[in-house]
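If you read the sequences in order, they're chains W and H.
Just so we're aligned: the first sequence equals residues 1 to 266 in my numbering.
Just so we're aligned: the second sequence equals residues 267 to 532 in my numbering.
Treat the hints as calculated values from the structure; they're not laboratory data.
Predicted model only: the values in this text are computed from it and were never measured.
Ideal placement from N, C-alpha and C gives every residue a C-beta, glycine not left out.
Worth double-checking, as some hints may not be accurate.
Across the chosen pairs, the derived CB separations fall in these ranges [stated by the list, open to error]:
#1 H/G512 <-> W/Q117: 33 to 39 Å
#2 H/Q294 <-> W/S180: 40 to 46 Å
#3 H/R406 <-> W/E187: 54 to 60 Å
These stretches of chain H come out as covered by chain W in the derived footprint (C-beta under 8 Å, 3 or more residues) [claimed, not checked]:
#4 356–367
#5 370–381
#6 388–396
#7 472–485
Computed from the model, here is a short list of chain H residues facing chain W with C-beta under 10 Å [unchecked claim]:
#8 R298
#9 G351
#10 A353
#11 L440
#12 E444
There are 2 protein chains.
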Amino acid sequence: MPHETALPPQENRLNARDAEPSLPSGTQTLARGLDIIRAVAEGARDLRSVAEATGIGRSTAHRLVQLLDRYGYLRVAGGRDYALGPALIEFGFQALHQNPLPVVARPVLEELAEKVQDTVHLAIVDGGEVLYLDKIEGTRGAEMRSRIGHRMPLTRTGIGKALILDRDSDWQRLYEAERSGDPGRVEEFLRRMHEYSRHGAAMDLEENEPGIRCVAAPIRDAGASIVAAVSVSATKPFMPAQRMRGLVPVVQKAARSISRSLGFAG
Amino acid sequence: MPHETALPPQENRLNARDAEPSLPSGTQTLARGLDIIRAVAEGARDLRSVAEATGIGRSTAHRLVQLLDRYGYLRVAGGRDYALGPALIEFGFQALHQNPLPVVARPVLEELAEKVQDTVHLAIVDGGEVLYLDKIEGTRGAEMRSRIGHRMPLTRTGIGKALILDRDSDWQRLYEAERSGDPGRVEEFLRRMHEYSRHGAAMDLEENEPGIRCVAAPIRDAGASIVAAVSVSATKPFMPAQRMRGLVPVVQKAARSISRSLGFAG
DNA sequence: AACTTCATCCCAGATATAGGGATGTAGGCT
DNA sequence: AGCCTACATCCCTATATCTGGGATGAAGTT
Numbered sequence: 001m002p003h004e005t006a007l008p009p010q011e012n013r014l015n016a017r018d019a020e021p022s023l024p025s026g027t028q029t030l031a032r033g034l035d036i037i038r039a040v041a042e043g044a045r046d047l048r049s050v051a052e053a054t055g056i057g058r059s060t061a062h063r064l065v066q067l068l069d070r071y072g073y074l075r076v077a078g079g080r081d082y083a084l085g086p087a088l089i090e091f092g093f094q095a096l097h098q099n100p101l102p103v104v105a106r107p108v109l110e111e112l113a114e115k116v117q118d119t120v121h122l123a124i125v126d127g128g129e130v131l132y133l134d135k136i137e138g139t140r141g142a143e144m145r146s147r148i149g150h151r152m153p154l155t156r157t158g159i160g161k162a163l164i165l166d167r168d169s170d171w172q173r174l175y176e177a178e179r180s181g182d183p184g185r186v187e188e189f190l191r192r193m194h195e196y197s198r199h200g201a202a203m204d205l206e207e208n209e210p211g212i213r214c215v216a217a218p219i220r221d222a223g224a225s226i227v228a229a230v231s232v233s234a235t236k237p238f239m240p241a242q243r244m245r246g247l248v249p250v251v252q253k254a255a256r257s258i259s260r261s262l263g264f265a266g
Numbered sequence: 267m268p269h270e271t272a273l274p275p276q277e278n279r280l281n282a283r284d285a286e287p288s289l290p291s292g293t294q295t296l297a298r299g300l301d302i303i304r305a306v307a308e309g310a311r312d313l314r315s316v317a318e319a320t321g322i323g324r325s326t327a328h329r330l331v332q333l334l335d336r337y338g339y340l341r342v343a344g345g346r347d348y349a350l351g352p353a354l355i356e357f358g359f360q361a362l363h364q365n366p367l368p369v370v371a372r373p374v375l376e377e378l379a380e381k382v383q384d385t386v387h388l389a390i391v392d393g394g395e396v397l398y399l400d401k402i403e404g405t406r407g408a409e410m411r412s413r414i415g416h417r418m419p420l421t422r423t424g425i426g427k428a429l430i431l432d433r434d435s436d437w438q439r440l441y442e443a444e445r446s447g448d449p450g451r452v453e454e455f456l457r458r459m460h461e462y463s464r465h466g467a468a469m470d471l472e473e474n475e476p477g478i479r480c481v482a483a484p485i486r487d488a489g490a491s492i493v494a495a496v497s498v499s500a501t502k503p504f505m506p507a508q509r510m511r512g513l514v515p516v517v518q519k520a521a522r523s524i525s526r527s528l529g530f531a532g
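Given these sequences and hints, build the entire structure.
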């Protein structure tokens with residue numbers, strides 16, 4: 001049996017907002033503790049905001065926060081200034097390197113970055129979003145806000161589109177979910193996705209970050225499923241349409257190289 | 267009031283092994299969930315080993331694992347092959363960058379690495395251990411097993427010794443705790459620590475990794491407390507005693523530069 | 001200096017949880 | 001190939017755990 005080569009897609013991520021309807025099943029305390037971690041990650045800096053963000057009573061929240069601090073998941077200095085703790089650093093890096101994908105991809109990404117001199121990303125789908133697993137900064141000083149561990153919408157980024165290239169039945173639903181206020185352009189999105197799918201590479205024309213353009217290609221595992229994607233991004237002046245076309249085979253080659261390391265027999 | 271510039275030391279890290287005596291206080295479920303994460307981090311790959319490692323019943327462990335999977339803290343593929351999940355990647359990197367230390371230290375570390383051409387580390391004390399927060403690989407191809415998020419003993423690494431340079435009352439206790447089978451050399455350790463303390467820099471002579479030597483200096487915050495340390499490491503052939511002495515002021519200069527960014531007025 | 005706000009602690013009732021046992025399944029052994 | 005073992009998964013109730021209101025003390029604010 002082929003080994004699982006990458007993290008499978010995961011649409012049912014839960015958090016404080018929607019945990020209740022789906023599972024009343026028996027683990028409220030753990031769920032609340034994890035909700036608190038997320039609340040702190042999202043900016044809660046003291047007990048009051050944690051309690052508000054999670055809907056947990058002050059007293060209970062305090063008790064959970066205490067434990068999270070003692071375990072190193074949270075750092076609480078004198079009851080204020082909550083922050084994510086060092087245990088998360090430890091486990092986060094371990095989680096990243098436990099996965100074979102970033103490890104086998106790294107040298108290929110480095111080679112690609114060397115060749116194109118632009119910012120290179122590696123990402124997977126997680127929880128219905130793009131999750132960046134690696135990033136190599138471009139040498140042109142073009143600052144991008146992305147970072148390892150950051151999340152982005154699937155339909156608004158080149159790398160996200162590459163990740164859903166095979167899921168044509170989901171395209172419309174994802175588009176509408178992520179841009180609920182912009183229904184008129186569904187058709188154009190679908191048309192482009194079909195074209196990207198035909199070519200086996202996706203592009204992003206400043207849709208997510210103004211001024212940033214990107215070319216992306218999917219990475220496949222032994223079962224030919226898309227499990228990740230690579231992308232090359234740069235500011236518009238460095239990314240005229242012609243260069244984007246020229247980058248397609250370059251990015252695809254890198255993607256294929258990683259795919260083969262994962263057992264893909266393309 | 268000066269802002270907390272780095273993660274404070276934390277000796278009371280708990281896990282499955284010693285959670286019970288200290289706090290019977292009301293959060294068993296959350297504690298058990300976190301114990302499960304640690305068990306998986308330490309190698310548990312299925313329900314049975316998780317249950318054994320944590321002392322939780324199979325049934326209960328299963329329920330908690332399910333929730334951890336749904337929240338993305340664990341990845342469970344078909345009931346087997348447990349792995350740490352993407353939520354940990356997300357929060358881990360966020361935890362790292364939430365802390366001002368790695369951010370202000372980065373450019374200094376890069377400059378140092380450029381100058382010495384060896385592996386450069388940034389670390390803090392956490393849970394009575396060294397926790398690496400950043401690493402820049404040397405260009406001499408000397409592979410070191412260390413990685414961001416890894417932990418090491420305080421008394422067996424140069425960077426660890428730099429971190430406890432001020433805590434002379436703890437030296438003996440830490441040494442004995444970490445090398446319980448080697449009591450004869452306490453004296454020598456203490457003598458060296460006093461010398462390192464006098465010079466304001468510590469060294470490591472292949473104590474932790476055979477063939478690896480290292481020079482380290484402490485980083486101080488606004489209150490002059492040691493909150494982190496920098497080190498330069500290389501294989502023995504690249505690290506003769508003379509070079510080590512020469513590196514002391516170089517590493518100290520980098521450390522002082524970071525300290526000043528943290529508000530230290532040395 | 002008095003007030004307000006907040007983290008922290010305590011306690012008893014309410015409830016979520018624990019874990020034994022049953023079930024179905026997948027892989028291993030003969 | 002077929003039986004068997006070991007395991008993940010699910011169900012259920014007694015009970016240990018957790019919840020949240022309220023009290024306390026400290027700190028910051030007006």
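Against the structure, the hints come out as follows:
{"no.": "1", "hint": "H/G512 <-> W/Q117: 33 to 39 Å", "verdict": "36 Å, holds"}
{"no.": "2", "hint": "H/Q294 <-> W/S180: 40 to 46 Å", "verdict": "41 Å, holds"}
{"no.": "3", "hint": "H/R406 <-> W/E187: 54 to 60 Å", "verdict": "57 Å, holds"}
{"no.": "4", "hint": "356–367", "verdict": "holds (count 10)"}
{"no.": "5", "hint": "370–381", "verdict": "violated (count 0)"}
{"no.": "6", "hint": "388–396", "verdict": "holds (count 3)"}
{"no.": "7", "hint": "472–485", "verdict": "violated (count 0)"}
{"no.": "8", "hint": "R298", "verdict": "8 Å, holds"}
{"no.": "9", "hint": "G351", "verdict": "6 Å, holds"}
{"no.": "10", "hint": "A353", "verdict": "8 Å, holds"}
{"no.": "11", "hint": "L440", "verdict": "18 Å, violated"}
{"no.": "12", "hint": "E444", "verdict": "18 Å, violated"}
Hint compliance for this structure: hints 5, 7, 11, 12 are broken, all remaining hints hold.
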